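Chemist: Listed here are the chains, written in short residue letters.
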Amino acid sequence: MGLDPVPAVEVGDLTKRFDNLTAVDGISFSITQGEVFGLLGPNGAGKTTTINMLTGLARPDSGTIRIGGVDCTTDPKAAQHLTGVVPDESNLYPELSGFENLAFCAALYGMRKAARETRARDLLSTFGLEDAANRKFGGYSKGMKRKLTIAAGIIHQPSILFLDEPTTGIDVATARQIRQLIADLHRSGTTILLTTHYIEEAERLCERIAFLVSGRIVRNDTVAELMQPIKGRHLMLLSVSDGGPSLCEGLAVAFDRLHFHALPGGQIRVESSEPIRVGLLVRFLEDRGVEVSEARRLRPSLEEVFVQVTGLEAEAMRKEKEKAGGGR
Amino acid sequence: MTRWIAFWSIVAKDMRTYYLKPPNISWGLIFPVAWTGMFFIRSGAGMETVLSLLPGVVAVSILFGTTSMLSVTITFEKSNRSFDRLLLAPISLELLMLAKTTGAILFGVANAFVPIILAAFLTDLSQVTWAAVLPAFGLIAVASTFLGLFIAVSVSQVFEAQTFSNFFRFPMIFLCGLFFPIAHLPVFLRPLSYALPLTYGVDILHGSIHTASVLPPVLDFSVLAAFCMGLFALSLYNVRRKWIV
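Line by line, the protein sequences are chains A and B.
So in the numbering used here, the last spot in the first sequence is 328, and the numbers never skip.
So in the numbering used here, the last spot in the second sequence is 245, and the numbers never skip.
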């Protein structure tokens, strides 16, 4: 499939302030047609504000927005027929059934009665919600609500889809199902802008990722390029009875080609550009009376890059989100 | 065509979800009946006073029916974010807000007929100028609905909408010539009466039901229409300023 030269989404120097807070600070990026683009960042990074500006729910203070080649900076309605939006919180009607919600959303995009009812039934089936089709949305579980909200976002088969934290706060099985659906939509040619704080999710689904921190894009590249610095790196996590900094210093002297970092909870992270010989490490530690309860090889991941580039601890970011009600 | 599909879907959803619910239908029936009975008993007169009370009761029925429902439903949808769903739809804000208000306008017009039907059993309505009454029902319903819209977009919580509605509605009952002629009000309050849209709607009704209007009907209709346009424009301005931040 040939790529259209007109970017699906083009953002230039976009800025949004709320009183004294600059929520989005001069960000620029473009998304090619059919691409899955991720905005990755912690709470308050400006992800939702960015999506709100792109979809017309917020007005930028400065900058430009083009969607499908249409300038939407001052007229967000101009391209709304091209886009579908799945907000971070479900915004369907609690008093309507699942089927009625989908049919209503389809009508908002001008779909005729027969077409919208057929499409609604198809999506309810795709998401495994047929049995709940006639139940009121207000009575759905969190996972069911999320699925129906996604279904509502794609009811009119948009060519560009904005997904704000699609898997936050739902169970593992539903999250997996949603990720599969995103992959299917990508295969069918839909352009997707995905915001997430789950690094592994961004890595798995996105072709290109921008790290957004405090309203600024600190890095924007393809996943392959982002992973380049850690390509060929070997990582290991040791769980030990006493993993203080002095132990790491001792290890660094004995194994000068390895790098050791003491982590909270009695863990030591080992990094190397060549394969790590576990047996030597364990023997060294045990000879010094340090008990090793676990030695686990880690796959080099985007998390390493994220931590390096942003200086943020990925785990802290995840916990912060879960504390805010987004546990998974 | 596609925008009209969206328009009618919003109207149909609102009618089904809000206006045709039994509590609202009963509100639409009980309220006008209660007002009619209250003023009829208070007047202490016979059936001949029904015609003079009718314009006020009709106007109050429309005013309360429209403002109560609309200000609450829009505020509710905004607070639970389902209104965002509508803002994301590819229809203009003007058409969207017209769709959101059409249900309330129809509900207000339907409310107006309750006291009329009751009055038909009590007195002779043959002298009523229906050609003026019916458009007046529509225009009063539109003005009251847009007042409700203005209230809805000025607040953020449902309870604020209720309080703010009453801030407008109750003074209006006494200042708009509904039950007391404006000429009987203290002089310093009269300019305030003419700053309220309902004054002009009530004047049309007084003129066409028992030939007791103060202003020419053309002026009443024109001013009422101007209020409708002004309130709608102000509401749209507020939506853009406060909800699309």
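Hints in this document: simulated from the structure, not taken from any laboratory.
This structure is a prediction, so every number in the text was calculated from the model and none was measured.
One thing to keep in mind: the hints can contain errors.
[Unchecked claim] Not close to chain B: a few residues of chain A, all C-beta gaps over 10 Å, as computed:
1. Leu57
2. Ala58
3. Arg59
4. Ser62
5. Gly69
6. His81
7. Val85
8. Ser125
9. Gly139
10. Val172
11. Glu200
12. Pro229
13. Arg233
14. Arg283
[Stated by the list, open to error] BS3-like cross-link-like pairs, simulated, lysine-lysine; straight-line CA separation at most 27 Å:
15. B:Lys21 to A:Lys77
16. A:Lys113 to A:Lys136
17. A:Lys136 to A:Lys77
18. B:Lys242 to A:Lys113
19. B:Lys242 to A:Lys136
20. B:Lys21 to A:Lys145
21. A:Lys113 to A:Lys145
Glycine included, C-beta positions come from ideal geometry on N, C-alpha and C.
Chemist: When the structure is checked against the list of hints, which entries are broken? Sort them ascending.
Modeler: 1, 2, 3, 6, 7, 15, 17, 18 and 19
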